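Chains A and B, in that order, give the protein sequences.
Here my numbering is used: the first residue of the first sequence is 1, the next is one more, and so on.
Here my numbering is used: the first residue of the second sequence is 1, the next is one more, and so on.
A few of these clues could be false.
Capping the alpha-carbon separation at 20 Å, the derived lysine to any residue pairs in SDA-like fashion look like this [as the list claims (entries may be wrong)]:
(1) K104/A / G89/A
(2) K237/A / R105/B
(3) K275/A / G177/A
(4) K203/A / V141/B
(5) K203/A / E78/B
(6) K275/A / E180/A
(7) K275/A / G298/A
(8) K237/A / R80/A
(9) K275/A / E110/B
(10) K104/A / T167/A
(11) K275/A / R287/A
(12) K203/A / A142/B
(13) K275/A / A109/B
(14) K203/A / R102/B
(15) K275/A / R102/B
(16) K203/A / D95/A
(17) K237/A / T167/A
(18) K237/A / E180/A
(19) K104/A / G177/A
(20) K203/A / G89/A
(21) K275/A / A163/A
(22) K275/A / W118/A
(23) K203/A / E106/B
(24) K275/A / P148/A
(25) K275/A / E106/B
(26) K237/A / E110/B
(27) K104/A / E180/A
Since the hints were derived computationally from the structure, they do not count as laboratory data.
Nothing here was measured: the structure is a model prediction, and the numbers come from that model.
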Amino acid sequence: MSDRSSSDPAPARAAGSAAMDAVDPAVQVLAGLRQLILDAHPSAHGIALDGLVRSAGGLSRENWSFDATWTDAQGAHHHRLMLMRDAAGTLLHTDRARECAVLKALEHTAIPAPHIFWMDEQGQRLGAPAVVMERMPGVCDYMALNGPGPLDARLSLAQDFLALMATIHAVDWRALGLGERLGVPEGAPSLRDLAHWEGEYRKAQLEPHPELDYVLSWLRRRAPQAEALVLVHGDFKPGNALIDQGRITAKLDWETAQLGDPLEDLGWVTNPVRKREHQIPGHWERREIVQAYRERTGRQVAEADLLWWNVFSCWKLSIIQLTAVAEFVAGRYHRVFQTPTWLYRPMFQMMEAAL
Amino acid sequence: MRPSVEEQLQGTCRILEDVVAPCVNDPLARTLLDGVVANLRMLTAALPGVAPFLRQDNQTTGHLLAQLSSSVSPELAERVALALATPEPDVADMAALDAHNRLLRELMAEAVCSAQLTPEHHRAIVVHMSARASRMPMRYVATTPSPASPSRPTPQAQN
Numbered sequence: 001m002s003d004r005s006s007s008d009p010a011p012a013r014a015a016g017s018a019a020m021d022a023v024d025p026a027v028q029v030l031a032g033l034r035q036l037i038l039d040a041h042p043s044a045h046g047i048a049l050d051g052l053v054r055s056a057g058g059l060s061r062e063n064w065s066f067d068a069t070w071t072d073a074q075g076a077h078h079h080r081l082m083l084m085r086d087a088a089g090t091l092l093h094t095d096r097a098r099e100c101a102v103l104k105a106l107e108h109t110a111i112p113a114p115h116i117f118w119m120d121e122q123g124q125r126l127g128a129p130a131v132v133m134e135r136m137p138g139v140c141d142y143m144a145l146n147g148p149g150p151l152d153a154r155l156s157l158a159q160d161f162l163a164l165m166a167t168i169h170a171v172d173w174r175a176l177g178l179g180e181r182l183g184v185p186e187g188a189p190s191l192r193d194l195a196h197w198e199g200e201y202r203k204a205q206l207e208p209h210p211e212l213d214y215v216l217s218w219l220r221r222r223a224p225q226a227e228a229l230v231l232v233h234g235d236f237k238p239g240n241a242l243i244d245q246g247r248i249t250a251k252l253d254w255e256t257a258q259l260g261d262p263l264e265d266l267g268w269v270t271n272p273v274r275k276r277e278h279q280i281p282g283h284w285e286r287r288e289i290v291q292a293y294r295e296r297t298g299r300q301v302a303e304a305d306l307l308w309w310n311v312f313s314c315w316k317l318s319i320i321q322l323t324a325v326a327e328f329v330a331g332r333y334h335r336v337f338q339t340p341t342w343l344y345r346p347m348f349q350m351m352e353a354a355l
Numbered sequence: 001m002r003p004s005v006e007e008q009l010q011g012t013c014r015i016l017e018d019v020v021a022p023c024v025n026d027p028l029a030r031t032l033l034d035g036v037v038a039n040l041r042m043l044t045a046a047l048p049g050v051a052p053f054l055r056q057d058n059q060t061t062g063h064l065l066a067q068l069s070s071s072v073s074p075e076l077a078e079r080v081a082l083a084l085a086t087p088e089p090d091v092a093d094m095a096a097l098d099a100h101n102r103l104l105r106e107l108m109a110e111a112v113c114s115a116q117l118t119p120e121h122h123r124a125i126v127v128h129m130s131a132r133a134s135r136m137p138m139r140y141v142a143t144t145p146s147p148a149s150p151s152r153p154t155p156q157a158q159n
């Protein structure tokens with residue numbers, strides 16, 4: 001059974017949040033970061049935090065970049081860092097301790113992922129749960145596969161992304177102790193995930209959504225068994241990576257990582273509603289992606305199972321958007337989302353294709 | 001009634017874009033402001049269509065519920081019959097239209113999960129839901145981060 005945590009929105013914000021909100025967030029962040037450094041390095045002095053900027057991106061939490069310098073008994077330190085802090089409102093509730101556990105485990109692998117510096121699990125220093133990690137080189141480009149670059153370079157990048165996914169799925173999670181940290185599903189991961197996201201759905205639901213109940217009913221009837229149990233990223237996309245000179249320098253945003261069905265990630269990238277992010281028309285489409293994955297992993301990838309995960313991806317995305325709607329209505333989230341009707345027809349079409 | 005609701009919404013967008021936005025230098029705030037304006041513009045266009053949408057949706061949902069009621073539990077069929085016997089709200093009463101729509105969609109959420117539905121029922125459900133999705137007047141408006149001026153300076157911490 002998974003112990004993934006995603007329950008109450010921003011629990012640590014509760015304590016003194018009104019007072020916290022009254023101060024300049026940047027001042028609060030700087031004070032909290034300084035304290036985190038002192039917690040980890042009590043002899044630190046000459047602490048300087050420069051260039052603190054909050055990114056305009058990041059739909060699920062606050063992203064702040066900065067440089068940290070200090071001196072302690074070990075000598076002088078200078079690091080380029082990122083702070084990810086839970087926002088007061090979010091479309092995706094995740095747990096910093098799980099994310100840290102995954103990133104620390106990945107330090108023992110060849111997967112390019114940021115090194116973790118500090119965690120404020122309960123938000124005692126930063127006012128909300130937060131994690132500080134290495135700021136890696138490269139740029140984030142959601143449309144890297146369909147940008148203005150030459151086709152051969154984009155195709156090569158697409159293959160690199162697929163290879164990276166296969167590498168993540170090949171991680172020896174038992175040896176890294178991730179079974180204890182993330183929880184090993186007792187039954188089919190599809191059913192575990194369905195139960196988890198149904199819980200999120202019911203929490204976010206402000207009105208009846210017969211369309212989503214109808215799809216949920218279909219998903220329940222057809223939940224597949226997993227061909228393997230692997231580490232899955234949970235939100236595998238070019239927008240969650242850094243790219244430098246055509247090379248993937250980092251895979252980011254591991255907060256939804258879990259032990260699950262490898263088709264969860266493959267279903268996310270072959271999901272028809274995300275074609276523009278993951279596919280290159282005429283060259284790198286569903287058939288090529290699945291074939292490349294089969295060749296790299298030796299897995300069969302049953303088409304009916306993959307289709308189930310495609311539908312699940314859209315359904316899960318619908319729940320994430322409903323969460324944003326609920327958070328907006330509650331006054332905690334500052335971006336306006338709508339009921340995700342644009343996802344309904346693609347789901348129905350896939351369900352009909354599965355008959 | 002002037003300025004009309006539409007004129008006021010359009011004017012609000014104009015002021016936000018022409019007067020406020022140029023003064024917003026923080027990239028996050030500018031991105032959020034762009035999203036607010038885009039959503040106001042969507043609302044301006046969608047608002048006149050909301051009441052007609054609800055009215056039509058109540059009618060088509062009612063028809064579908066009547067079709068499905070032979071394949072749902074007797075208890076649910078009874079509640080469906082009761083709801084369908086309720087007179088339709090006044091077309092000018094948006095709150096009543098919305099409340100009736102909620103009631104019908106609650107019933108529909110239960111009915112579409114019935115294990116006794118026939119293939120014809122499933123086809124009718126998908127046709128109804130797809131048509132509703134395409135008629136929905138309010139839509140999410142995606143915006144990308146604006147190329148705002150560099151962020152305001154932030155305080156520096158030293159010890």
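To see whether the hints hold, each was checked on the structure:
Note on K104/A and G89/A: the hinted pairing is violated, with a Cα-Cα distance of about 27 Å set against a maximum of 20 Å. For a cut-off of 20 Å, the pair hint linking K237/A to R105/B is broken: about 35 Å separates their Cα positions. Taken as a hint, the K275/A and G177/A pair is broken in the structure, with Cα atoms around 35 Å apart against an allowance of 20 Å. A hinted pair counts as satisfied when its Cα atoms are at most 20 Å apart, and K203/A with V141/B does not qualify at roughly 24 Å.
Under the criterion of a C-alpha separation no larger than 20 Å, the hint pairing K203/A with E78/B is inconsistent with the structure, at around 28 Å. Simply put, K275/A and E180/A have alpha-carbon atoms about 35 Å apart, too far for the 20 Å limit, and the pair is violated. With a CA separation close to 24 Å, the supplied pair K275/A and G298/A exceeds the 20 Å bound. A threshold of 20 Å between alpha carbons decides the hint, and for K237/A with R80/A the separation of about 24 Å lies outside it, so the pair is violated.
Between K275/A and E110/B the alpha-carbon distance is near 33 Å, which puts this suggested pair outside the 20 Å criterion. A distance of roughly 17 Å separates the Cα atoms of K104/A and T167/A; the hinted pair therefore holds under the 20 Å criterion. Taken as a hint, the K275/A and R287/A pair is honoured in the structure, with Cα atoms around 13 Å apart against an allowance of 20 Å. At most 20 Å may separate the alpha-carbon atoms for a hinted pair to count; K203/A and A142/B exceed this at roughly 24 Å.
At most 20 Å may separate the alpha-carbon atoms for a hinted pair to count; K275/A and A109/B exceed this at roughly 30 Å. The suggested pairing of K203/A with R102/B holds, with an alpha-carbon distance near 18 Å, which does not exceed 20 Å. Straight-line distance between C-alpha atoms of K275/A and R102/B comes to about 34 Å, which puts the hinted pair past the 20 Å bound. In summary, the hint linking K203/A to D95/A is supported, as the alpha carbons are separated by about 17 Å, within the 20 Å threshold.
As the CA atoms of K237/A and T167/A are separated by approximately 15 Å, the hinted pair is consistent with the 20 Å bound. Under the criterion of a C-alpha separation no larger than 20 Å, the hint pairing K237/A with E180/A is inconsistent with the structure, at around 27 Å. For the hint linking K104/A to G177/A, the alpha-carbon distance of about 11 Å falls within 20 Å, and the restraint holds. About 14 Å separates the Cα atoms of K203/A and G89/A, which keeps this hinted pair within 20 Å; it holds.
With a C-alpha separation of about 18 Å, the suggested pair K275/A and A163/A falls inside the 20 Å cut-off, and the hint holds. With a C-alpha separation of about 36 Å, the suggested pair K275/A and W118/A falls outside the 20 Å cut-off, and the hint is violated. At roughly 16 Å between alpha-carbon atoms, K203/A and E106/B fall within 20 Å of each other, so this suggested pair holds. Straight-line distance between C-alpha atoms of K275/A and P148/A comes to about 17 Å, which keeps the hinted pair within the 20 Å bound.
A distance of roughly 33 Å separates the Cα atoms of K275/A and E106/B; the hinted pair therefore is violated under the 20 Å criterion. Taken as a hint, the K237/A and E110/B pair is broken in the structure, with Cα atoms around 35 Å apart against an allowance of 20 Å. With a CA separation close to 14 Å, the supplied pair K104/A and E180/A stays within the 20 Å bound.
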